[in-house]
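Hey, can you work out the whole structure from these sequences and the hints?
Sequential numbering of the sequence shown, starting at 1, is according to my numbering.
To be clear, the hints were calculated from the coordinates, so they are not data collected in a lab. No residue lacks a Cβ here, since even glycine has one placed at the ideal position from N, Cα and C. Take every hint as true, because none was put in to throw you off.
With a Cα cut of at most 30 Å, we get these calculated DSS-like pairs of lysine-lysine:
1. LYS58 to LYS8
2. LYS5 to LYS60
3. LYS24 to LYS5
4. LYS8 to LYS60
5. LYS63 to LYS5
6. LYS8 to LYS63
7. LYS8 to LYS24
8. LYS5 to LYS58
Between beta-carbon pairs, the in silico distance windows are:
9. ILE13 to ASN61: 14 to 22 Å
10. LYS5 to HIS33: 40 to 48 Å
11. HIS33 to LYS58: 36 to 44 Å
12. SER3 to THR34: 35 to 43 Å
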Amino acid sequence: MQSLKILKFNMCIFGILFVTYSIKVFSEFITDHTFNWLNGMCAIGFFFVLIMNWLDLKNKNYKTT
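What follows is the structure, encoded as C-alpha cells:
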C-alpha cells in the first residue's frame, strides 16, 4: 500500500514512459516497417503498471497519512 502522493507520482512517470515508448514503437513500425520487440514489451509493461496504479487509485487502496 502506497501513499497517495507516491501513487500519483508513479502514474505520471509510467504514463509518460508508456506514451513515449508507444509513439516510438508505432512510428518505427509505420516508417521502417520493422517491429522493435524490446520497445514493444517496455510499452506493454509500462501500460500494465499504469493500469495497476490506476486501479489502486480507483479502489482507494492507498494511505492518506
